[in-house]
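Enquirer: Residues per chain are reported as follows:
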Amino acid sequence: MRILKLLLILTLLSPQLLLADNPFRIVIEGGVEDPLPIAIVPFGWSQAGSVAPIDLTEVISGDLQRSGRFNVMDEKDLPQRPSEYDSINFADWRKLGMENIVIGKLELTDAGTYDVSFRLVDVYRGKQIAGFRIPAKPDLLRRVAHQISDIIFEKLTGMPGAFDTRVAYITVNKVKDKKVHSLQIADADGHNAQILLESPEPLLSPSWSPDGKKLAYVSFEGKNSAIYVQNVLTGQRERISAFEGINSSPDWSPDGSRLAMTLSKDGNTEIYILNLGDKSLRRLTKHGGIDTEPTWSPGGQKLAFTSDRSGGPQIYEINVNGGEPKRISFEGNYNARPEYSPDGKFITLVHGVSGSYRIGLLELANSSITVLTDARLDESPSFAPNGGMIIYATTGVRGGQLAAVSTDGRIHQRLGLQQGDVREPAWGPFLK
Amino acid sequence: MFIRTLLVLSLAGLLYGCSNEQVKEEEPVAVEDLSSGANASDGGVQAYSTDDSSTSGFDSLDDPQSPLSIRIIYFEYNSNEISSEYRSAIEAHAAYLSRNPSTSVTLEGHADERGSREYNLALGESRALAVKQQLSLLGASSSQIRLVSYGEERPAVDGHDESSWQQNRRVEILY
Chain Y
184 MRILKLLLIL
194 TLLSPQLLLA
204 DNPFRIVIEG
214 GVEDPLPIAI
224 VPFGWSQAGS
234 VAPIDLTEVI
244 SGDLQRSGRF
254 NVMDEKDLPQ
264 RPSEYDSINF
274 ADWRKLGMEN
284 IVIGKLELTD
294 AGTYDVSFRL
304 VDVYRGKQIA
314 GFRIPAKPDL
324 LRRVAHQISD
334 IIFEKLTGMP
344 GAFDTRVAYI
354 TVNKVKDKKV
364 HSLQIADADG
374 HNAQILLESP
384 EPLLSPSWSP
394 DGKKLAYVSF
404 EGKNSAIYVQ
414 NVLTGQRERI
424 SAFEGINSSP
434 DWSPDGSRLA
444 MTLSKDGNTE
454 IYILNLGDKS
464 LRRLTKHGGI
474 DTEPTWSPGG
484 QKLAFTSDRS
494 GGPQIYEINV
504 NGGEPKRISF
514 EGNYNARPEY
524 SPDGKFITLV
534 HGVSGSYRIG
544 LLELANSSIT
554 VLTDARLDES
564 PSFAPNGGMI
574 IYATTGVRGG
584 QLAAVSTDGR
594 IHQRLGLQQG
604 DVREPAWGPF
614 LK
Chain A
4 MFIRTLLVLS
14 LAGLLYGCSN
24 EQVKEEEPVA
34 VEDLSSGANA
44 SDGGVQAYST
54 DDSSTSGFDS
64 LDDPQSPLSI
74 RIIYFEYNSN
84 EISSEYRSAI
94 EAHAAYLSRN
104 PSTSVTLEGH
114 ADERGSREYN
124 LALGESRALA
134 VKQQLSLLGA
144 SSSQIRLVSY
154 GEERPAVDGH
164 DESSWQQNRR
174 VEILY
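Heads up: the sequence lines are chains Y and A, in that order.
Going by my numbering, the first residue of the first sequence is number 184, and it counts up by one from there.
Going by my numbering, the first residue of the second sequence is number 4, and it counts up by one from there.
Think of the hints as simulated: they come from the structure by calculation, not from any bench.
In this text, a Cβ means the ideal position worked out from N, Cα and C, and glycines have one as well.
Take the hints with a grain of salt, since some may be wrong.
Covered by chain A, per the in silico footprint, the following chain Y stretches (three or more residues, Cβ under 8 Å) [what the hints assert, rightly or not]: (1) 329-343; (2) 383-395; (3) 440-451; (4) 489-499; (5) 516-522; (6) 532-542.
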């Protein structure tokens, strides 16, 4: 069922521009201390004389290795290459201390589509942990590979995988001395990048709708900030808010019915909630200082936001029905850009530490802040939907780049672009 | 710490194809053309009020000796406090606006790149607001003053050091 839906989505996507499939250059720095050993046996291919349409093994190995939680066996070290359960020689694998292997095959059907089947096998116990057969159209094969990675990841770590997800981000390139800002989305591994919008004026703050079908963002195309909502599939866009002054920081409520946002139409920046159904607007804060960057708690009852009402920027929580905001960050004199973890127990934020800006993790139970990154200008943190990683923007020698860090701070990835500035990443929801 | 390069691939010439050398070919990628309207009003033309200049033939706005020639107010880090050195410039702009009630001005607030973008957008506006409040106190009508904040999105200087940041924390007074 899920696959059918995917198929539909990708068919709808196809008229849109697909960029050359040149993904992020991903560098892993560090990992967990005892990554799980796993072997991904090259998938069998029914048309042995021709080249398979995708190297499933490469995509799955890449996903698992990049997560920092797995140690994928080198292909040259594989003792055998079975693609059927019955041909696995368990003794060979046990001798090498390998606990888990993945085998599978790709078959072309008479209808011109594909069948992907795979098994995750516990070699020590000599039993199958998971086994699936997934029919797929050619342009869905890459997603099928990510879905297989998600299944393996969940079976072996207990945490849902987030490989079959997408990220949105903003790039800035100079073309003939003019800046071109573009809103893009890509698969979580950087492949299939697509441009959704280009503008000579700044774009910022992309925010995914909970169903992953729309993005809200800020565009300066009218020589002032305005909030737009764009359908990711059709490209259709609508201007949602263009009051005098600032219109910014859109963030979707978990039920998708409302947008929290920052407006300064009433004098200075305040937090508002816009009901997308009847377009009614409700003001939540009332303070002469800066109030901005609202973000919904996963349950939808609270918003966290940044305010300088105590002097410098700090994080506050407010009930969505109003009331007095409560300060929740106390360490350091710069805390901004909050986002709740999917379980609601943490907030990731930008934390100023003696002149540097790093990604921090605020534990709501005890108000402690753990610093996860160590560069000078890190910003815009966004949780993966499984809560395992945080993607963020960092400024390197070549300008803005994307990076990711595990929430335990042990796994660091750099997602580099060859040219241009990349910023404002927003990790999308699980694809349904 | 060990570093392993796993995939050396390229997200690439997102805009222009695969290789760095092929920067010339710009693909027609825009979902929607935003250029019409957005750029219609500039082109380097400055339109001044004729209230003064029609009689004198020379607008005091054009006088490089006048405090009106100061069009950028710089700020300290994370602050919207206007330094006393700008007192005479702000007085001159307020007096000019009050003498020329049909003239309007845009105060464009900016921030340096440090910290979060949305917070900086608000900070840019709070700087522009501070300038507006002083101009209003000194006789300009608030209906003559438009505010816009670009936060850190339009730096005057692209560097990542204190000397660049100093030049980017600013309010531009645009007639």
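Enquirer: For every hint, state whether the structure bears it out.
Expert: Tested hints:
1. 329-343: violated (count 0)
2. 383-395: holds (count 5)
3. 440-451: Coverage by chain A holds for the segment 440-451 of chain Y (3 residues, Cβ < 8 Å).
4. 489-499: holds (count 3)
5. 516-522: Per the Cβ count (3), the hint holds.
6. 532-542: With 3 residues closer than 8 Å to chain A, the segment 532-542 of chain Y meets the three-residue bar; holds.
Of the numbered hints given earlier, the model fails hint 1 alone.
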